[in-house]
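Letter by letter, the chains look like this.
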Amino acid sequence: MKIAVASGKGGTGKTTVSLALASVAGTDALLMDCDVEEPNCHLFISTEQQREKVYGLMPVIDKALCTSCGKCGKICQFNAIAVLGDNVLLFPELCHGCGGCVRVCPTGALKEVDKEIGEIGGCRKDDLSLIDGHLSIGQAMSPPLIRAVKNHGGKEKYIIVDCPPGTSCPMVTAVRDADFVLLVTEPTPFGLHDLTLAVDTLRELKLPMGVIINRADSGDDKVKAYCKAEGIPVMLEIPHRRDIATAYSRGEIMLQAAPELSLMFRKLLKDVENRVSEVKK
Amino acid sequence: MKIAVSTTGNSLDAELDQRFGRAPRFLIVDTDSGNVDVVDNVQNLNAAQGAGIQSAMTIAGTGAQAVITGHCGPKAFRVLSEAGIKIYNTEAKTVREAITLYSDGKLNAADNADVEGHWL
Ligand code: SF4
Ligand code: SF4
Chain H
195 MKIAVASGKG
205 GTGKTTVSLA
215 LASVAGTDAL
225 LMDCDVEEPN
235 CHLFISTEQQ
245 REKVYGLMPV
255 IDKALCTSCG
265 KCGKICQFNA
275 IAVLGDNVLL
285 FPELCHGCGG
295 CVRVCPTGAL
305 KEVDKEIGEI
315 GGCRKDDLSL
325 IDGHLSIGQA
335 MSPPLIRAVK
345 NHGGKEKYII
355 VDCPPGTSCP
365 MVTAVRDADF
375 VLLVTEPTPF
385 GLHDLTLAVD
395 TLRELKLPMG
405 VIINRADSGD
415 DKVKAYCKAE
425 GIPVMLEIPH
435 RRDIATAYSR
445 GEIMLQAAPE
455 LSLMFRKLLK
465 DVENRVSEVK
475 K
Chain C
35 MKIAVSTTGN
45 SLDAELDQRF
55 GRAPRFLIVD
65 TDSGNVDVVD
75 NVQNLNAAQG
85 AGIQSAMTIA
95 GTGAQAVITG
105 HCGPKAFRVL
115 SEAGIKIYNT
125 EAKTVREAIT
135 LYSDGKLNAA
145 DNADVEGHWL
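Here the protein sequences come in this chain order: H and C.
At position 169 of the first sequence the residue is numbered 363 (the working numbering), and the sequence of numbers has no breaks.
At position 107 of the second sequence the residue is numbered 141 (the working numbering), and the sequence of numbers has no breaks.
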């Protein structure tokens, strides 16, 4: 079962929740950190990681063959190529490696070459196993790297996916095949705003979801009211506590600092499982 | 010589738009003839990124040799420089004010992008 932990914006406690869920599931679980631009989970599992490089295809140009026809610049959806007079400028940091430009180039001036887009890491400590992706600096291609991370999933009973924040391509790539999505939010106007964006995206993808309210007693009731009105279950409310925040900043998993929350997370896992089996029926 | 100025309006007294990539229009001022043209900063709506690059391409197409704007990111800067177009940053409020500052030699050509790409 794949459980994605997502959030309309960063800093809501997505990683904390992913780590806590993976810890209560123990050896049955694999934690996948798909927030490849800023993978954090490994910081909480302080042990040596094995890394492996991931390559993606990127266009390069042979200027001698280019006739400046401009076709490559026109097809690129990502503005990663600009044809200016007889000069073709490539912006690798915008390129998504779709190969469109190579296909339309009439003279064969564009070719695809393998370029390192990032690394996949793996580590294990006590009962917790983690696979994560680390995007190379200046790379735009997080979706291929996220897919590569996801291909490393095995036969674990639970796969917990820590997703990139936001609602754009990387987030969609990470949540897409989940059996259930947990949206982590905060009870503030900003939290609510980003939550509604994430909910819209998940509805378009037709994914079942539930909400987790972090620092639940620190704000207002609008998030709850919204969930109620929209028929989205609030799966868990995590209290706002200084000891949890401090533990997090020290790189400790929440459950080490507040073991009494383990029960809540065990119940969360069960509830998600029940909902998934309901959906399957 | 033709100078492009980013603006929200369509006349010399219109406001200068501080944003280069997301400015709705450019005023192309010909300092020799005094002619003024308005060019829409048309963006490919399918593109999720690279607004600055597209604006720079638009400017290159007008034959302008200089751009006056508030802020210009690194990618647009690269395109403009490759096209031999000089970039001047200013805090001038209106297009007219910017052109006057330029004519009086009070603006210096930028030799680097002055903001990170995402700003625009
Ligand atoms: S591979 Fe795709 S994204 Fe990259 S430059 Fe070519 S058309 Fe643009
Ligand atoms: S499509 Fe090929 S020939 Fe045409 S401008 Fe691009 S690289 Fe040059």
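Simulated from the structure, these hints should not be mistaken for laboratory data.
Bear in mind that the values here come from a model prediction, so they are computed numbers and not experimental data.
Just so it is clear, CB atoms sit at the ideal spot from N, CA and C, and this is done for glycine as well.
Each hint should be verified, as a subset may be incorrect.
Unchecked claim - From the derived model, a few chain H residues whose C-beta atoms are all more than 10 Å from chain C:
#, residue
1, Asp256
2, Asn281
3, Pro402
4, Lys464
Stated by the list, open to error - Interface residues of chain C toward chain H, partial, derived using beta-carbon atoms under 10 Å:
#, residue
5, Gly68
6, Val72
7, Ala85
8, Arg112
Okay, the hints, checked on the actual structure:
Non-interface status of Asp256 of chain H relative to chain C is upheld: no Cβ of that chain comes within 10 Å, the nearest being about 18 Å off. Under the 10 Å C-beta cut-off, the non-interface status given to Asn281 of chain H relative to chain C is violated; the minimum distance is some 6 Å. The claim that Pro402 of chain H lies off the interface holds: its Cβ sits roughly 27 Å from the closest Cβ of chain C, which is beyond the 10 Å cut-off. Distance to chain C confirms Lys464 of chain H as a non-interface residue, since its nearest Cβ pair spans about 39 Å, more than 10 Å.
For Gly68 of chain C, the suggested interface contact is broken, since its CB lies about 28 Å from the closest CB of chain H, more than 10 Å. The interface hint given for Val72 of chain C is broken, as the beta carbon of that residue sits about 23 Å from the closest beta carbon of chain H, more than 10 Å. The beta carbon of Ala85 of chain C is positioned within 10 Å of a beta carbon in chain H (closest approach about 8 Å), and the interface hint is therefore held. Interface restraint check: Arg112 of chain C against chain H, minimum CB-CB distance 7 Å, threshold 10 Å, status holds.
When the structure is compared with the earlier hints, violations turn up for hints 2, 5, 6 and for no others.
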